[in-house]
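So the protein sequences, as listed, match chains A and B.
For the first sequence, position 37 (counting from the first letter as 1) is numbered 37 according to my numbering, and the numbering increases by one without interruption.
For the second sequence, position 296 (counting from the first letter as 1) is numbered 296 according to my numbering, and the numbering increases by one without interruption.
By construction, these hints were calculated from the structure, which means they are not laboratory data.
Facing chain B, according to a computed beta carbon distance under 8 angstroms, are these residues of chain A, among others:
hint, residue
1, Ser114
2, Gln157
3, Ile190
Listed next, the stretches of chain B that the computed footprint assigns to chain A, with coverage defined by at least 3 CB atoms under 8 angstroms from CB atoms of chain A:
hint, stretch
4, 37 to 48
5, 167 to 173
Here a beta-carbon is modelled for each residue, glycine too, at the ideal position from N, C-alpha and C.
So the chains spell out like this:
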Amino acid sequence: MTPVAGLLDFRRLDLLAAGDSALHRLDPRAKVIVTLVFIVCTMSFDRYAVASLIPFFVFPIAVITAARLPIAFLLHKVALVLPVALLIGLPNPWFDREVMLQLGALQISGGWISLLSIMLRSLLAAAAAIALVAVTGFPAICGALERMGMPRPLAVQLLFLYRYMTVLGEEAVRMTVAREQRGGGRPLSIRLYGALVGRLLLRTWDRAERIYLAMCARGFTGDFRGGPPSRLGRLEIAYVAGWCGLLLLLRTQDVTQWLGAAALGVLR
Amino acid sequence: MHMADALLSPVVGGTMWAATAVTVAYCSRRLREEPDDRRVPLMGVLGAFLFTAQMINFSIPGTGSSGHLGGGLLLAILVGPHAAFLVVASVLIVQALFFADGGLLALGCNIFNLGFFPAFIGYPLYRRLAGAEPGTARATFAAIAAAVVSLQLGAVAVVLATVASGISALPFGTFALFMLPVHLAIGIVEGLVTAAVVVFVRATRPDILRNAAPSKHSVAAVAAAFAAVALALGGAGAWFASKSPDGLEWSIARTTGAGEPDSPQTAVHDALTRLQQRAAVLPHYGFRQDEHRGVLPDEARAASSLNRTSDRLGTSVAGLVGGAIALLLALLVGFALRRKAQSA
Chain A
1 MTPVAGLLDF
11 RRLDLLAAGD
21 SALHRLDPRA
31 KVIVTLVFIV
41 CTMSFDRYAV
51 ASLIPFFVFP
61 IAVITAARLP
71 IAFLLHKVAL
81 VLPVALLIGL
91 PNPWFDREVM
101 LQLGALQISG
111 GWISLLSIML
121 RSLLAAAAAI
131 ALVAVTGFPA
141 ICGALERMGM
151 PRPLAVQLLF
161 LYRYMTVLGE
171 EAVRMTVARE
181 QRGGGRPLSI
191 RLYGALVGRL
201 LLRTWDRAER
211 IYLAMCARGF
221 TGDFRGGPPS
231 RLGRLEIAYV
241 AGWCGLLLLL
251 RTQDVTQWLG
261 AAALGVLR
Chain B
1 MHMADALLSP
11 VVGGTMWAAT
21 AVTVAYCSRR
31 LREEPDDRRV
41 PLMGVLGAFL
51 FTAQMINFSI
61 PGTGSSGHLG
71 GGLLLAILVG
81 PHAAFLVVAS
91 VLIVQALFFA
101 DGGLLALGCN
111 IFNLGFFPAF
121 IGYPLYRRLA
131 GAEPGTARAT
141 FAAIAAAVVS
151 LQLGAVAVVL
161 ATVASGISAL
171 PFGTFALFML
181 PVHLAIGIVE
191 GLVTAAVVVF
201 VRATRPDILR
211 NAAPSKHSVA
221 AVAAAFAAVA
231 LALGGAGAWF
241 ASKSPDGLEW
251 SIARTTGAGE
261 PDSPQTAVHD
271 ALTRLQQRAA
281 VLPHYGFRQD
291 EHRGVLPDEA
301 RAASSLNRTS
311 DRLGTSVAGL
321 VGGAIALLLA
331 LLVGFALRRK
341 AQSA
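Input sequences plus hints: build the corresponding full structure.
Okay, structure coming up:
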């Protein structure tokens with residue numbers, strides 16, 4: 001990823017959390033909990049699970065649509081995980097050749113089924129994570145994690161990182177663009193990289209010093225102040241209970257098989 | 001070397017989450033014991049620096065490919081291992097959330113591999129090899145050795161976690177034979193890059209490196225922590241190898257004392273169970289697992305081996321049709337919600 005593309009993607013995703021919908025307004029802890037339950041449910045299937053994973057798409061789809069998020073942009077972001085998933089799943093057809101599924105003359109080995117399962121898992125995991133950020137926002141997620149027990153130094157670290165990522169990112173963009181224009185298309189050697197990144201590091205260091213002085217001037221005590229803390233109200237409890245119930249139902253009962261059999265029964 | 005959610009079982013992922021949480025708590029406590037107002041903003045911007053530096057690719061000599069900085073070792077050299085671990089953790093959390101890099105379940109694994117090994121194994125090694133004021137050659141040698149050791153350990157951890165999870169079909173030996181040489185090369189490059197930055201900083205701003213916190217933790221304590229995690233992971237791997245029931249089924253079996261969830265006997269549940277039994281000519285798709293699930297409904301047990309093939313085809317078709325319907329329903333839910341959202 002180039003710094004420019006990475007930065008643009010980050011900003012666009014970050015801005016989505018400023019939207020306003022019933023989902024945006026929920027306490028962030030409820031959204032974090034449901035996302036974690038979703039991930040544990042989907043990732044706990046055995047390696048040949050394919051059909052039973054499909055109903056789980058209802059969760060990211062429902063969140064994205066109910067929160068009025070831009071579908072095409074998020075779809076594009078989620079699809080970026082597919083090449084990686086293909087890479088890590090591709091050895092499976094090679095090592096696992098036992099035929100598991102016969103469709104007429106077509107024989108499908110266990111390896112292809114588990115490859116498909118890995119692709120679906122990757123899509124589900126990525127969709128859940130990106131939907132969480134888009135509908136909650138990074139600072140709110142940090143706050144939720146801290147209220148759920150994450151140590152304060154890590155929470156403060158995350159908020160600082162979040163605030164200065166785009167600032168330093170812009171500096172890096174300027175530096176790489178300048179080097180590309182003067183470098184005549186030559187690739188960046190390790191020696192030059194050392195100087196370039198070293199220079200970026202020194203600027204970072206000086207900036208930290210300025211931030212520290214500014215903090216002292218304003219009386220920073222180690223707390224980031226947000227709005228009033230939200231509560232886990234009736235809405236949040238209903239949200240968590242509803243999704244957890246549905247997710248556990250999908251995890252423990254073979255809903256896909258019911259649907260298929262019911263449809264075939266109607267046709268017959 | 002990012003581990004992915006899709007390759008991880010919840011038990012292995014959870015074990016690594018626990019290992020990472022313990023390390024985060026330990027590092028946070030150490031930093032609180034030595035309060036330093038200047039360090040808070042410094043760590044924050046260093047995280048932003050690492051995040052940015054990872055997006056700048058350099059060319060790897062002689063290969064035509066390019067790589068990017070891992071950075072755990074560099075940060076440990078600059079600000080000490082405890083702060084370095086937290087900075088690496090924060091960068092990985094942002095990457096998992098905003099770029100779906102790795103994933104949330106794999107986050108524990110990734111923080112441990114890319115944070116713990118460079119900060120608590122590689123960095124002490126670097127200090128020992130480099131000494132107090134190393135020259136360019138000695139710093140380069142020490143950085144390469146430290147980076148290679150950290151990345152080899154990380155690669156072994158990825159292989160162990162993958163094999164213990166049992167999602168990938170890769171055998172241990174093959175995967176290790178692939179991962180270790182690749183990460184030997186990555187480790188050498190990481191060492192070279194780390195040394196290049198350290199040498200540059202030493203030449204321009206020697207004061208920065210002189211202030212860097214010396215390593216204070218004992219090697220024995222680190223070794224003990226590492227052994228504990230290895231044992232936990234090994235134990236988890238042995239219990240939850242691919243052939244045994246998966247994590248959730250296992251925990252359900254543990255809490256209810258039964259193989260399948262023992263749901264409350266309500267009319268709705270009875271109806272659902274009956275529907276499922278009617279629907280499942282062979283339960284669970286007629287895949288391999290049937291042999292040791294052992295709870296075949298009577299119809300299936302009665303079926304002769306001859307028409308079992310056609311039953312198998314029947315369930316597969318039901319699975320395919322059901323999958324298509326499920327996807328369609330999920331999309332319909334989305335469509336309905338969007339309509340509602342737009343009219344609201």
